[in-house]
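Undergrad: If you use the numbering used here, the sequence shown corresponds to residues 1 to 400, in order.
Derived from the structure by calculation, the hints contain no laboratory data.
One or more of the hints may lead you astray.
Stated by the list, open to error - Derived DMTMM-like pairs (lysine to aspartate or glutamate); straight-line CA-CA distance at most 25 Å: (1) K168 x E388; (2) K190 x E261; (3) K281 x D199; (4) K307 x E261; (5) K307 x E159.
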Amino acid sequence: MNNSSIPAVILAEGREKALNRKHPWIFSNAIAKVHNTPNRGDTVAVVSSKGEWLAWAAYSPASQIRARIWSFQQHEQIDQAFFKQRLQRAWQLRQSLFNTEETNGLRVVAAESDGLPGITIDKYQDVLVVQLLSAGADAKRKQLVAALLEVFPEHSIYERSDVDVRKKEGLPLVTGWRHLPRDSGEVLIKEHGMTLVVDVVNGHKTGFYLDQRVNRAALRRFAKDANILNCFSYTGTFAVAALMGGAKHVTNVDLSDLALEVAVRNVELNQLDVSKLSNQKADVFKLLRQYQEQGKTFDIVVLDPPKFADNKAQLNSACRGYKDINRVAMQLVKPGGLLFTFSCSGLMEESLFQKVVADAALDAKRDCLFIERLQQDSDHPVASFYPEGYYLKGLICKIY
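Model the full structure from these sequences, guided by the hints.
TA: Below is the structure:
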């Protein structure tokens, strides 16, 4: 590479292989030398040990992921036009996948999978929620917001960069309106004929679990006349889908008073019978054991727990946690009933999750048939070069 004034990271010999496969991360141990001392979030050239230009990347001196690739095209500048082009491509994909009049809560940008590392953007009707999870994304906030307003004019923009992963990048946690502020963070979205409440300011993640949309629809198919236990229910959207599908009764279980209140509102908004809904404010693990002691059973149990493993060191304990909770859940399913079980831990590979559930069935002394495999909806695509983008795994299990 000729221009000696450009900040650069020079890779150690032989460490180009992942980049040649288009993987967007460069770890600190792959770097032999840093040239011209870039600041946090600066765009740097990635250079091979032989001096060949390989990519443009965002530099993060505090993170084990020392650089994240913006582009493999040397002519490309990482400016507002770059972000506009990537946003347009991402939005065109979503428009091809969904009728955006009928389903207007969508993930518009799925970070690395959409070529925008560290950037997550969800669209709730006319509110965009942005999460900037890396140093490079944080440094490009101004250009990104400007590009968003070109692609989505007259939208409000709220930032939810309040995720702990930012601390690994040496970044503070920040939130706030970035364009057209509103008095409330509450938005109503449409999904498969349902109307659902999203709170972009106070809700989980960016306010909602868009990734489970396709799986709510799956539950609706099986729900007719069923008595359902919905664990880790949050705002009760699985319950709404089940009641729309003709469920006899749904019991939501969550620890949040606020989430359970919204769950009732969601049922009312859809003009469903509130008497068919029960809310239990409880620890799911404790309540499942209590129900087991009481001999309670259900036609369908939905298990959608939070992430059990944030890193590889936690994976063994996560497996024990998943096995334990699935074992007790299976014991609450009537013979011939269903268990919908999920893992949102990216480190939990699909085959491992299936093995954990199979082991749970053995311990529960129940026969288990895997009748469907579930995953995140298609507005959360997984790039071929970035398998880490596949994180949500689910199984529909027939329990005898």
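Undergrad: Each hint should be assessed against the structure and marked as holding or not.
TA: To see whether the hints hold, each was checked on the structure:
Taking the CA atoms of K168 and E388, the gap is near 18 Å; set against the 25 Å cutoff, the hint holds. Taking the CA atoms of K190 and E261, the gap is about 19 Å. The hint holds against a cut of 25 Å. For a cut-off of 25 Å, the pair hint linking K281 to D199 stands: about 20 Å separates their Cα positions. Between K307 and E261 the alpha-carbon distance is near 23 Å, which keeps this suggested pair within the 25 Å criterion.
Taking the CA atoms of K307 and E159, the gap is near 22 Å; set against the 25 Å cutoff, the hint holds.
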